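Visitor: Chains A and B, in that order, give the protein sequences.
Heads up: the first sequence at position 63 corresponds to 63 in the working numbering, and the numbers run straight through without jumps.
Heads up: the second sequence at position 225 corresponds to 552 in the working numbering, and the numbers run straight through without jumps.
Calculated from the structure, these hints are not laboratory results.
Don't take each hint at face value.
[Said to hold, decoys possible] Derived DEER-like restraints, expressed as beta-carbon distance ranges: (1) A:GLU187 - B:LEU599: 40 to 46 Å; (2) A:GLY193 - B:GLU523: 42 to 48 Å; (3) A:ASP22 - B:SER539: 44 to 50 Å; (4) A:LEU312 - B:GLU523: 34 to 40 Å; (5) A:PRO141 - B:LYS604: 56 to 62 Å.
[What the hints assert, rightly or not] Distance condition first, Cα-Cα at most 30 Å in a straight line; then the derived BS3-like pairs of lysine-lysine: (6) A:LYS39 - B:LYS373; (7) A:LYS309 - B:LYS616; (8) A:LYS180 - B:LYS373.
These numbers were taken from a predicted model, which means no experiment stands behind them.
Ideal Cβ positions, reconstructed from N, Cα and C, are used throughout, including at glycine.
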Amino acid sequence: MPLITYRDALNQALREEMHKDDRVFLMGEEVGVYNGAYKVSKGLLEEFGEMRVVDTPITELGFAGVGVGAAMVGLRPVVEFMTWNFALLALDQVVNAAAKMLYMSGGQYNMPIVFRGPNGAALQLSAQHSQAWESWLAHIPGLKVVAPGTPYDAKGLLKSAIRDDNPVIVLEGEMLYNLKGEVPDEEYLIPLGKAELKREGDHCSIITSGKMVLVAMQAADTLAKEGIKIDVVDLRTIRPMDVEAITTSVKKTNRAVVLEEGWEVCGIGSQIVDYIQRDCFDHLDSPVIRVHQADTPMPYAKALEKSAKPDLAKTIAAVKKVMYIEA
Amino acid sequence: MAAKKKDAGSVEAGKSNAALHTELLHSMILQRRFEEKVAEAYALGKIGGFCHLYIGQEAVGTGCISMLRDDDYVITTYRDHGQAIARGVSPRSVMAELFGRVDGCSKGKGGSMHIFDRNVNFLGGHGIVGGHVPMATGVAFAIKYRGGNQAIVCFMGEAAVNNGAFHESLNMAGLWKLPVIYVIENNKYGMGTAVERASSIKDMYKRGDTYSIANAEVDGQDVLAVRDAMSAALERARDDYQPTLLEIRTYRFMGHSMSDAVSGTYRTKAELEEYLKRDPINILEAKMKAAGEITGAQIADMEKEIGVVVQDAWDFADASPEPPLEALYEDVLVETTSG
Ligand SMILES: Cc1ncc(C[n+]2csc(CCOP(=O)(O)OP(=O)(O)O)c2C)c(N)n1
Ligand SMILES: [Mg+2]
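Construct the complete structure from the given sequences, taking the supplied hints into account.
Guide: As structure tokens, this is what we get:
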């Protein structure tokens, strides 16, 4: 199987879907001439022309709304945000319009639109540019939210997102774009709402998604050397969440660590822990522990930033804690 | 309020042209050499994250800021090092901030895009395009609220002008008559997008007309022209609480940030070379030499002195400790002491 980057996997998904359906178009800042701020849309302007690969001014609210309007009358926009930090300016259109259009129109207007872009922290980009928004977005009924952690998942999930008749949020990772992984030549889709057990083990579950999948896999590798076997549940879709995949794993391992990139308070992990306590209470051998970003804005200084982020060491420590292993 | 008239208190008060021009030249060369050092430090990994240089645009910030009084305010974008230095933030504390050290003006927690210094009313570098424009409007609101005669200058790139926050701000400033000077630094590109590919009109200053705001186009490579435009704008702000929109045309000599190419698909090398001929430092130097205000030897001395200042900033930053890990949890909220 060819080994390609996460970036190229997304590029393939866009290209294939644009070939398949001429209602699909891409719009955002620097997506055309510049080939994308992170080069995800490389070559697409050349291939599809400027009606279908649209460079916008820096007007997130405006072009998100243009996407919503176009979707109301049957186009299938893919709206790229340079990063999700800037998408905050567009949240009115995402939340007040896209997420509610079907409902408030009594089923008349569905929203076949994708909002995508990098989410979360990169390196030393400081407070305004290093934020993970999944809990904000997943909070909203009427949206679907996916967070692929591998090139394979990135391609399959983006293709499904584009084909879905509802608004789908795709949270990519700036730090993932160069990540390589196997992606088959033949076409495939990954269903929305389906988690994947990325690693099997019976000592402890790590439940995670997006960029943190990589950290969970590294933790599983490291712990395996000490004889600790981890079940890594990659949610892939955060909303709707595959609750059964979570509870099946926890009922098997009886211990869980929930790993997410964002902040603790009202984070995705709180929801996961709630599902676990509801369905697995009698199966738990220890309290569930969450690993997440420190409860502060992201600092610039290197060492401070490192200490603020969830990482391998913190994940391993959490696993040991739920297993009552002295560090 | 008669006392407000023309006490601009800018640097020329009681000063000869030669002295004034020497100060402007000194400030611009300091910013230039400082940022060349920044580029060096970035290449060595001493500075991380996004880092946007001001090289080529120095006359804009220098011209505008040199006209301000100490009690006026400045707010700007992520392209903030040069303007911070022009405003009097110490090169040491800017460099330490870039190095992510405790002695940085934002304690190492903000980095390149977030230079703040309360001592000189420098209200920050802001990272969200357009986000600080309403804040400037709010500062102007507070000035008028208190009956003051200060002004705020708000720098933004030409790409920010297409954003809703800009239009909402100008409407309020025009409607409520607020003492704010919006400065569009038109360097022709927002990242890789040429202005004509992003804006429905070419002359950005004309957007002021929509909101009944006085406006002008200014040559941003000529620091003296910038000062003249700023002088008129300040008078409107101080005397009549009137906003101004200046479009100051300039060019950035470097890439959008340290992670971007200097030229490439979006602009040609030939274009860049053409603009390099209008280096704001050379333009002022030439004027001063022609007027007999400075000699080559004096410039050489100035360069030498600036070289020492810049090296000192580096040494200071390098020696400054990293913030302690406890600092992570500091400054999230302040202890309430009032009420
Ligand atoms: C709301 C928002 N969208 C996108 C970005 C990413 N971005 C940072 S700078 C920039 C270009 C801005 O150009 P301009 O306003 O002309 O200022 P310049 O960089 O030329 O000084 C973009 C798109 C951002 N920081 N904020
Ligand atoms: Mg610009």
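Visitor: State for each hint whether it applies.
Guide: Status of the hints after comparison with the structure:
no., hint, verdict
1, A:GLU187 - B:LEU599: 40 to 46 Å, "holds (44 Å)"
2, A:GLY193 - B:GLU523: 42 to 48 Å, "holds (44 Å)"
3, A:ASP22 - B:SER539: 44 to 50 Å, "holds (45 Å)"
4, A:LEU312 - B:GLU523: 34 to 40 Å, "violated (48 Å)"
5, A:PRO141 - B:LYS604: 56 to 62 Å, "holds (59 Å)"
6, A:LYS39 - B:LYS373, "holds (26 Å)"
7, A:LYS309 - B:LYS616, "violated (55 Å)"
8, A:LYS180 - B:LYS373, "holds (28 Å)"
Consistency with the previously given hints fails for numbers 4 and 7, ordered from lowest to highest.
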